[in-house]
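Asks: Take the two lone chains and join them into the complex the hints point to.
Quick mapping for you: the protein sequence lines, in order, are chains A and B.
Take 1 as the starting number for the first sequence in my numbering and just add one per residue.
Take 1001 as the starting number for the second sequence in my numbering and just add one per residue.
In case anyone wonders, no lab produced these hints; they're calculated from the structure.
Hints are supplied without guarantee of correctness; some may be wrong.
[Said to hold, decoys possible] Cβ-to-Cβ under 7 Å is the rule here; a few derived chain A residues that face chain B:
(1) G42
(2) P43
(3) F45
(4) G56
(5) L88
(6) E100
(7) F103
(8) P105
(9) G106
[Said to hold, decoys possible] Calculated Cβ distances over 12 Å to all of chain B for the following chain A residues:
(10) S7
(11) K13
(12) T14
(13) G16
(14) Q17
(15) V19
(16) G28
(17) F64
(18) S65
(19) F69
(20) L83
(21) V111
Here the structure is a predicted model, which is why all the values come from computation and not from measurement.
Even glycine gets a Cβ: it sits at the ideal position worked out from N, Cα and C.
Residue strings, one per chain:
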Amino acid sequence: DAGVTQSPTHLIKTRGQQVTLRCSPISGHKSVSWYQQVLGQGPQFIFQYYEKEERGRGNFPDRFSARQFPNYSSELNVNALLLGDSALYLCASSDGGLNEQYFGPGTRLTVT
Amino acid sequence: AQKITQTQPGMFVQEKEAVTLDCTYDTSDPSYGLFWYKQPSSGEMIFLIYQGSYDQQNATEGRYSLNFQKARKSANLVISASQLGDSAMYFCAMRGWNTGNQFYFGTGTSLTVIP
Chain A
1 DAGVTQSPTH LIKTRGQQVT LRCSPISGHK SVSWYQQVLG QGPQFIFQYY EKEERGRGNF
61 PDRFSARQFP NYSSELNVNA LLLGDSALYL CASSDGGLNE QYFGPGTRLT VT
Chain B
1001 AQKITQTQPG MFVQEKEAVT LDCTYDTSDP SYGLFWYKQP SSGEMIFLIY QGSYDQQNAT
1061 EGRYSLNFQK ARKSANLVIS ASQLGDSAMY FCAMRGWNTG NQFYFGTGTS LTVIP
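Isolated chain B (complex conformation) (with noise of 0.2 Å):
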């Protein structure tokens, strides 16, 4: 069974500092995909970055930055430089190889950026 873990379900964040949301995992998969999605108050999700299980870098995508272990089975999303736009819900969701194109969501946590 897959299982995606966010633990804090709402966090601030001054403007222009880092935040890290954390994010944990379960999964008996050995080959699997680890994402993060923004969610604004408009509702659509935008995909912000990806992690393949096997793959040696941690992952980068502008202003975001994929703090992977694979050992304690983490994924944390770190933002630098939080600009307000940022505040919104941020999703950690996961993809096994053995499950198809089934997408795992955690339960997500509320960011909101302070001027």
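Only chain A is shown next, with the shape it has when bound in the complex (with noise of 0.2 Å):
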């Protein structure tokens, strides 16, 4: 069975632009979690999604938005990009219980 996809793998944008995200979750999972992760630090959580609604929020200005598709993958939208966005972007799939979340390999974006 496919694990948890992310595209695109690199990314590289300039401040001010616009980026989007893919996530496919694992085959029968409703769930999906977007975290950020940067360099040395753990991640942190962005937004989950659970049939196609918005579940949870964390502590990130409103140029971050997603939005979960019928199929249940997801996108991850970052507008006026900042030098300070460049991180490691992961997205995690679950049933939506309290069980384990599945993450995907991430995708990479530099800022420059």
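Replies: Take a look at the structure:
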């Protein structure tokens, strides 16, 4: 069975630009969460979606938005990119309970 | 508020020896889950082991075991018979019933296995 997939793998953007990151969860998983991991730190929660509804939002500015599609895949959008947005963006899927989340390989975003 | 603390930025262990990675947590949630993830240099977070707050026995998964001491609010990871491939970052994480599906991660411990 395929795991969580994310695209693209790497991305280089300029300050002020907008970026869209994509995630496909494990088959059968209805919950997708997004995390930002800055170099040297643990992942920080951005969003969680379950059955296409936002179920949680971390302490991130409104420049960050996300959505989940009927097939449970998800997109994370970041507008007006700042240098500080450079990070590894991780997507995780779960069945929606309190069980473990399974992470994708991440998208490494560099803002110059 | 939920908080995970990992006080060991870096650890070294001899190949084939056991090592313990420390994790303490703070939560007001009566029900919660504790998790350990491994992150190799490639970046992907790999799930290792899970402990529920009401589980009576410590969790074990192959060479990984979780030393859960609820009164001390600690959830240390024990890796037995270390292998060179165990060299990676290790993150402790928690999820509480009242905080839904949000995971809170510690700052991680870098483990290096020495041949």
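Asks: Are the hints correct? Go through all of them and say.
Replies: Hint by hint, here is what the structure shows:
1. G42: 3 Å, holds
2. P43: 5 Å, holds
3. F45: Hint on F45 of chain A: holds, closest Cβ of chain B at ~5 Å, below 7 Å.
4. G56: For G56 of chain A, the interface hint holds, since the closest Cβ of chain B sits about 5 Å away, which is under 7 Å.
5. L88: Status holds, d = 6 Å.
6. E100: Check passed: Cβ of E100 of chain A comes within 5 Å of chain B, closer than 7 Å.
7. F103: 4 Å, holds
8. P105: 5 Å, holds
9. G106: 5 Å, holds
10. S7: 14 Å, holds
11. K13: For K13 of chain A, whose nearest Cβ neighbour in chain B is about 18 Å away, the distance exceeds 12 Å, so it holds.
12. T14: 23 Å, holds
13. G16: 26 Å, holds
14. Q17: 23 Å, holds
15. V19: 18 Å, holds
16. G28: Per Cβ check, G28 of chain A is outside 12 Å of chain B; nearest 16 Å; holds.
17. F64: 15 Å, holds
18. S65: 17 Å, holds
19. F69: 18 Å, holds
20. L83: 20 Å, holds
21. V111: Its Cβ never comes within 12 Å of chain B, the nearest being 17 Å, so this holds.
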